[in-house]
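Chemist: The listed protein sequences correspond, in order, to chains F and U. Under the working numbering, the letters of the first sequence match residues 1 to 246, in that order. Under the working numbering, the letters of the second sequence match residues 1 to 251, in that order.
Bear in mind the hints are in silico, worked out from the structure with no lab data behind them. Note that beta-carbon positions come from the ideal geometry of N, C-alpha and C, so glycine has one too. Just so you know, not all the hints are guaranteed correct.
[Stated by the list, open to error] Covered, in the sense of this in silico footprint (three residues per stretch, anywhere, with C-beta under 8 Å from a C-beta of chain U), are these stretches of chain F: (1) 106–116; (2) 119–128; (3) 134–146.
[To be verified] Simulated coverage check for chain U against chain F, where a stretch passes if three residues somewhere in it have a Cβ under 8 Å from a Cβ of chain F: (4) 18–32; (5) 205–213.
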Amino acid sequence: MKFFFHVGRYFNMLHRVFGRPERLRIYIRQLFHEIDGLGVNSVGIVVIISLFIGGIMTIQFAYSMSNPIYPTTLVGLGTRDTLILEFSSTMLALIMAGKIGSNITSEIGSMKVTEQIDSLEVMGVNSASYLILPKIIAVVFIFPFLFILSVFCGLLGGLFTGPLVGVISVTNYLEGIQYLFEPYYVTFSLIKSLFFGFLVASVPAYFGYYVQGGALEVGKASTKAVVNTNILILLFDLILTRLLLT
Amino acid sequence: MIEIRNIIKSFDGIQVLDNISARFEEGQTNLIIGQSGSGKTVLLKCILGLHEVDSGNVMYDDRDLTRMNEKTRKSLRQEIGMVFQGGALFDSLTVEENVRFPLDMFTYQSSKEKQHRVDFCLDHVNIKGAHQLHPSEISGGMQKRVAIARAIVLNPKYLFCDEPTSGLDPETATRIDTLIQEITREFKITTLINTHDLNSVMEIGELVLFISEGKKCWEGSKEDLLTSPNAELNKFIFANKLYAHFRGKTS
């Protein structure tokens, strides 16, 4: 029963979030602020993680395909397809759920327990829309860019690491990442990243918006938000893969 | 004028407000007093519409809040100023931006007009040289004064204050009380204050409503407060006097 209560309240919140904004100019200003705070500030971590994972994947692919019957181009191909299909969309979304999600829950939750949300409501401001809508739009907007950046950095990581540790040559790697390229994989992952962006912003916002108590409860809500967002990302990954790829 | 009629409110089957009726007059500082947990804040939030009442009516000059649609309620809320217990200033905004926020949201004034209004309100609450500071960089007393400035920036008809002097030293508390009373008289607004501080009651209270365990126990002027035979009220006054006595001894 509790599950249905939360689902109902989540959609009720979304109904308020997508209500008519009071003053569009202020919302647009908030949107740019959120794009900077939630999106641009995540670029660094995306670059670092993707570079390392790209490099590690190249070494692991090279190790598992050390048999001479496999062409070495498969190393580049495997790295590329894994990055595009799963890592840069799903795994990155799971990481961002931790970074961006906990940030959103703690920010909105703190505002809730210090009565700042009540203060907005008393003024006649739709607090759900004012606080959450710019975050959802910002994260949904920035996620495809983070995906593309992650794929690029991952491939770059493989290009540096593979030849550096001597498991593959630059020529073979470059040949591999261009071999049998399927553009639809990128479209598929871009669609996934839009869904994941929505989940990463809206689910933690829900947990923050309805938190009750004090600082301790805000911390607990942050943890719950990250766990639930991760589960929903994996569930949607499964559904979208079944619907769009098979 | 604000009138509440037979307000009943429960949370999870526990009745928090039991059939409370009262009338709060314009141009006066109306006080709701009672011990912690007596239901003062819930009553205030019911009057503001932050909590929906189970039954009863909340009348703002003949307009019934409980029967309003969302749009009408929104426009009524622009006539309301509220000072929350902790100030509830927006952390990410500066003092000046906090006070300007309602103007940005609900008026079409020019930047110059808004700046003029913000400066006027901050001057009125005696905030000088802190316009560009964030709430975390100013004292608790200053935060309360900025919250008052934000509450009056749209020229409200109704001002609500939830424990405006809690956590403040006696001198700052008296200054805040006096400020609220001055604003009430100057702008002829209906002010409603929640407090458990007897000093505030004696300082600025004009009409006093005493509630205990969610029930209305006593209503009257501050002059009648100390001579009332009401046992619950006397217990509350005695506890307050005892606290003031020991505080006097230790300070």
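Chemist: Does each hint fit the structure? Answer for all of them.
Modeler: Consistency of the hints with the structure:
1. For a cut-off of 8 Å, the count of residues in the stretch 106–116 of chain F with a CB near a CB of chain U stands at 5, and the three-residue condition holds.
2. With a threshold of 8 Å between beta carbons, the proposed coverage of the stretch 119–128 of chain F by chain U holds, since 6 of its residues qualify and at least three are required.
3. With a cut-off of 8 Å between beta carbons, the stretch 134–146 of chain F has 0 residues touching chain U; three or more are needed, and the interface restraint is violated.
4. With 0 residues having a beta carbon nearer than 8 Å to a beta carbon of chain F, the stretch 18–32 of chain U misses the requirement of three or more and the stated coverage is violated.
5. Only residues whose C-beta sits within less than 8 Å of a C-beta in chain F count toward coverage, and the stretch 205–213 of chain U has 0 of them, not enough to reach three; the restraint is violated.
The structure fails hints 3, 4 and 5 (numbered hints given earlier, in ascending order).
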